[in-house]
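Please take these sequences and the hints and turn them into a complete structure.
Chain by chain, the residues run as shown.
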Amino acid sequence: MNVRLKFGAAALIAGLMASTVPAFADFWSDAGAKFKGVTLHGVTESTPPSNYIKDVLAPEFEKKTGIKVEIETTSWDQMYDKAIKDMEAKTGIYDMVYIEQDIIYAYLARNFLVDITKSLKDDPSLKAPDYDESHFTTFANYFKGENGDLFGVPMEAFIKIYLYRKDLFDDPKIKEAFKAKTGKDLAPAKTHEDYTQIAEFFTEYGKANGMDLWGTTAQAHTGHPASWYEFFESVAPTFGVYNWGIDAKNNYAASVANGGTMNSDKSKAALKYWLHLRDIAPPESAASTWTEVASTFAAGRAAQGLVYGENAAWIASDADKSKVVNNVGVALPPVSDGVMADAESGKGYIGYYDGGAFGLPVTSKNKEAALLFLQYIGQDSVQSGWAVAAPRITNTATYEDPGVKDMDAKLGGYYTMLKNDGKLFAGAPPYPFHAQVREATAPIFYRILTGEVGPDEGLDQMADTAEKELKNLGYRK
Amino acid sequence: MGSNRTGWLLLAPTLIILGGFGIVPFIYVLWVSFHQWNPFGANPAMIYNGADNFRRLVFDTEFLQSVWFTMQFGFFAVVSEIVIGYLLAQLLMRDFPGKSIFRTIHTLPLIVAPIVVGSVWRLMTTPSIGIIPYYLNHWFGYQMNIGSSATAAFVTTVVMDIWHWTPLVTLTLLAAIVGLPKDPFEQAQIDGANRWQIFWHITLPMIRPAILATVFIRLMDALRTVDEIWMLTGGGPGAATRYVGLHIWKIVFPKTDYGYGSAISVIVLYLTLVMCWLLYVGLVAPRVKRST
Chain P
230 MNVRLKFGAA ALIAGLMAST VPAFADFWSD AGAKFKGVTL HGVTESTPPS
280 NYIKDVLAPE FEKKTGIKVE IETTSWDQMY DKAIKDMEAK TGIYDMVYIE
330 QDIIYAYLAR NFLVDITKSL KDDPSLKAPD YDESHFTTFA NYFKGENGDL
380 FGVPMEAFIK IYLYRKDLFD DPKIKEAFKA KTGKDLAPAK THEDYTQIAE
430 FFTEYGKANG MDLWGTTAQA HTGHPASWYE FFESVAPTFG VYNWGIDAKN
480 NYAASVANGG TMNSDKSKAA LKYWLHLRDI APPESAASTW TEVASTFAAG
530 RAAQGLVYGE NAAWIASDAD KSKVVNNVGV ALPPVSDGVM ADAESGKGYI
580 GYYDGGAFGL PVTSKNKEAA LLFLQYIGQD SVQSGWAVAA PRITNTATYE
630 DPGVKDMDAK LGGYYTMLKN DGKLFAGAPP YPFHAQVREA TAPIFYRILT
680 GEVGPDEGLD QMADTAEKEL KNLGYRK
Chain S
5 MGSNRTGWLL LAPTLIILGG FGIVPFIYVL WVSFHQWNPF GANPAMIYNG
55 ADNFRRLVFD TEFLQSVWFT MQFGFFAVVS EIVIGYLLAQ LLMRDFPGKS
105 IFRTIHTLPL IVAPIVVGSV WRLMTTPSIG IIPYYLNHWF GYQMNIGSSA
155 TAAFVTTVVM DIWHWTPLVT LTLLAAIVGL PKDPFEQAQI DGANRWQIFW
205 HITLPMIRPA ILATVFIRLM DALRTVDEIW MLTGGGPGAA TRYVGLHIWK
255 IVFPKTDYGY GSAISVIVLY LTLVMCWLLY VGLVAPRVKR ST
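Going down the list, the protein sequences come from chains P and S.
Here the numbering used here is used: the first residue of the first sequence is 230, the next is one more, and so on.
Here the numbering used here is used: the first residue of the second sequence is 5, the next is one more, and so on.
It should be emphasised that the hints constitute simulated quantities derived from the structure, not laboratory data.
Everything hinted at is true.
Facing chain P, from chain S, some residues (calculated, C-beta under 10 Å): (1) Pro131; (2) Gly134; (3) Met235; (4) Gly239; (5) Arg246.
Partner residues aside, some chain S positions facing chain P, computed with beta carbon under 8 Å: (6) Ser132; (7) Gly151; (8) Gly242.
Beta carbons: idealized from backbone N, C-alpha and C, even for Gly.
Structural data, given as structure tokens:
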């Protein structure tokens, strides 16, 4: 073979390789080519992680695949309203819906969602190389069906943490005043008594010094379920009242008389503790949902409080929105005796593990394209940027990223706490009747908040109403 | 015969739309109201339960309370809107500097979506940060807190509704006043009638149809208001502003009790018709009787 021929053959082989390699290397453009012209529609709650999907991940995906993605971010209530109406009426408007952990059981009971694991097994051509279900944190277990398959790609997970103001807790004058008043060192509370004492101290301190400062936050809206959630998911468990005080294994009993704990002494003590905190919290607390609680803390109006982790990053680091940047400490919520042991053994929990996933409605008209997008947001490579922009971790690949480690330091060790102590927290109980029992009992709870009904009598009424509703729904025999 | 067919053909689109979007859904709601149906129940199927839902709501204190609060809300909001709307309409009949700017600004609330109105009022009334509690405290020492005071929350919902809907009343009454003949007024002035007598015996009777139409429209709107209240107070504190529209929404959507929610909807429709009929009888029928 002469030299010219050799060069010609080599050039031909190199040319063929050059034109073939990118096709294997770029899974997204190949997979997306089949769905050119498709527009995916998703609906989700307007939160920092969801906004990241809308503003960063969706445009990236669109660029790589040619599949257009329109993400609608709206309020929590509207999001549910739209998603449920769409799936109920089978209109097929949405290809992706946000599934908060507490609603997954209701969606699964109604067969609203596509089995993602099975769908990817059935059509391996759709399986992205960088997507691996086993990389998700244990929070993904909440989105698995009875068969162990995944029905939603986890996209956010937070724990509702105890935030405190480091600048106040470390101030020598304040420490001295606290010591003089209580005889104790000022440090994040580990018990309810300590928490109350610190809250009372700071409320009095703020008043005495003409400051807009109170001792605690309180998510105590008198007409919004946020207050109901704060009590049943964040406060009652720290007193040893788990799963809203409903015993699913005991014919869904709620009242003490029937074996439940919704109106138990522990529950009543928890409510009185929390109502007292509400009374010494900033005045806006009676109209505060989770959003306002975060704003109150960010405005520097509370010395400590239970705040949803999704807000921790901007409170701790965004100087445009927060007055307490670099002054935020995180700790585990205060608990009663025995609760921590319960949580460590898996018998109980110390607070709420909140979060959600993106699911694919069975009514979607673009299931294959939506599966690609769900894998795109679940793959390892996009996780670190997302975690830095919004404090959420759902994939174990995220923890060791240098950017995430930097952010962890800014957040006072929030990610470390999520990694190490996340197991002490729990999501909502696996009830398909979540919203129904909440809505049946919430009006009584609001009347407790306004003082129309006393806490003991109110909890008795709530337990009774919960059992009646469960009977009406057919769960309680 | 031919003109009949043409008439029906011309009416057909309207009848189809009315049937498709009005009559059929109403019949469906009526049908559902005779069933127990919660898709998130252990048995998600519709189960016929006769008049049980209607029997249940007679003893449902939450529902009865919401109807009572709604009637109070409707009364205060609609009466205030009619009075303020009439005064503003009279004002706009006169010339004054900046009249056109005033008319434009005054009409702006009408084009704002109810959900936005609720959001803006929530921002303005949130304790500690809202502008309204701030000035009420600054000027009068009044600590306004719509999260804990039922009265403050109720008054705020009424004021918000007045702010949103008075322009509609103003425009309607302005159109009615502009269209009035001048002769009766001139004759009354010649006869020595004072302003109150002219208003009571001439203006009011002549604009009565416009007032009545406005009252009907606003009353029906007030009875079904949801978005603004939901955004502003969520129905609280307690159930102080859980008006019947919001009550139905909570029963039907978050609670997904479709059967019972439908029964309430049917009863509320019936109540609305009865109230409008009573108003008609009270305001129009005596006049018709006198004229015959």
